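Using the hints, position chains B and C against chain A.
One letter stands for each residue in the lines below.
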Amino acid sequence: MLQAGSRMTLVLGGARSGKSAYAEALIEAAPAPWTYCATAQAFDDEMVERIALHRARRPEGWVTRDVPMALPEAVAAAPGPVLVDCLTLWLTNLILAEADVGAAAEALRAACRAAPGPVVLVGNEVGLGIVPENALARRFRDAAGRLHQQLAQDCDRVVFMVAGLPMIVKGQA
Amino acid sequence: MLQAGSRMTLVLGGARSGKSAYAEALIEAAPAPWTYCATAQAFDDEMVERIALHRARRPEGWVTRDVPMALPEAVAAAPGPVLVDCLTLWLTNLILAEADVGAAAEALRAACRAAPGPVVLVGNEVGLGIVPENALARRFRDAAGRLHQQLAQDCDRVVFMVAGLPMIVKGQA
Amino acid sequence: MLQAGSRMTLVLGGARSGKSAYAEALIEAAPAPWTYCATAQAFDDEMVERIALHRARRPEGWVTRDVPMALPEAVAAAPGPVLVDCLTLWLTNLILAEADVGAAAEALRAACRAAPGPVVLVGNEVGLGIVPENALARRFRDAAGRLHQQLAQDCDRVVFMVAGLPMIVKGQA
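Note that the protein sequences, when read in sequence, are chains A, B and C.
Counting from 94, one number per residue, gives the positions in the first sequence under the working numbering.
Counting from 94, one number per residue, gives the positions in the second sequence under the working numbering.
Counting from 94, one number per residue, gives the positions in the third sequence under the working numbering.
Source of the hints: derived by calculation from the structure; they are not laboratory data.
Careful: at least some of the hints might be erroneous.
No copy labels: a pair is met if it fits in one copy or bridges any two.
To be verified - For lysine to any residue, the following SDA-like pairs were computed, each having C-alpha atoms within a straight-line distance of at most 20 Å:
| no. | residue 1 | residue 2 |
| --- | --- | --- |
| 1 | Lys263 | Ala118 |
| 2 | Lys263 | Met101 |
| 3 | Lys263 | Tyr115 |
| 4 | Lys263 | Asn227 |
All values derive from a computational prediction rather than experimental measurement.
The following block holds chain A by itself, in its conformation from the complex:
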């Protein structure tokens, strides 16, 4: 659970590895109000369903901010503990909008450092399969890897989720 002094946590893992549930439990160990920065955009029925499932799991005490792009601003404005779920969709939105990914990453890092309470960032590890044939997919996974490395430098705790269980990469459980 959230240890005193754990300012910034990166929760990485594959699809359905229990990242969100673990991240939410970390935040809920700190005093409310909890800010949930949701980066998903519901383009189709599958995404609508995934978003609804995620929302249904969260108890009272959460304030949700829908920020497909304006994530740094939302993190900076959060009054207490803040959860970012997830970096992967935010990055997807930035790339599809042809935004400056490097500048956005720097803005997010600055916002995390300035946040008044603990920050937990969730990201999908997408670089452990065969090299994608699709050039956009290759560009995306390179950008995701770079973003995770930058944030991991700033974090005092990094975990890699496997089957709902955290493996500690940096810091303490």
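Frame of chain A; chains B and C shown alone:
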């Protein structure tokens, strides 16, 4: 090797990460007879060859049960240590047959809990690449992730294989 | 950093997980001259750019050997610490040339054992996504997994990189 008190182990990892050899060694550390629950179906020559290679590695003392679908029943009927190799093909068979995956997962969990000897379950981690373009593949990897999380809760030991070596996720080596 | 007695290290990880930077730092902790065995072949602009980026990061003191195929010979001929970056492209080159992968792997293992200084091998973990539809891709990831397992047996240190951070699989950091 198989420690006293290790009732149920989940061995996860990627393709050719040494999952099966490690899982077999765990089982062979307990007294025979050893039951091998094989879930592969040989649809093509490539699968025929993979199955033959796996069989050739196993020494005397193993009884093989071919259970593409009826895995819970085979686990429940095993007289001693039982190896499930693998969850991934079982899940594939269930999905292709349009079976009730949730009910099957519950039946498997119950069978594992009731088994008289140690149980070792092998599964492929398939969720760490780029999101598949194929909707069935996305559904499959979601189902695999959920199944692994459920079983990991029940297990007293979970390992993640890298290059033939176990990383301990839960419990002890 | 490179501990006394660490003879052979395998650095695995996904795309943009910080494998190369970590491996270079390990080598640079030992006395120069450092040999960089580069296996990349620049077939297209994307690869030209990736290779240039990798080179630009390396300081003085490195001697680069371009060995798309003749990797064992280059490792054997290195006068001091040697970095192999990366196994994955070497294997790709071997398979595309229809070379004997098993014999090449044995030659590499022998060269690593005979090397006068520390050896650090970098490889991409590619087996943790959905099974590829492409038969060549399946054959490639099987070959990669086998090669990593063989080399990991010989190594006294194996690390799995996540977001630029090493997780120790075997040996000590």
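Outcome of the hint check:
no.: 1; hint: Lys263 with Ala118; result: both (18 Å within a copy, 19 Å between copies)
no.: 2; hint: Lys263 with Met101; result: within (11 Å within a copy, 24 Å between copies)
no.: 3; hint: Lys263 with Tyr115; result: both (16 Å within a copy, 15 Å between copies)
no.: 4; hint: Lys263 with Asn227; result: neither (32 Å within a copy, 34 Å between copies)
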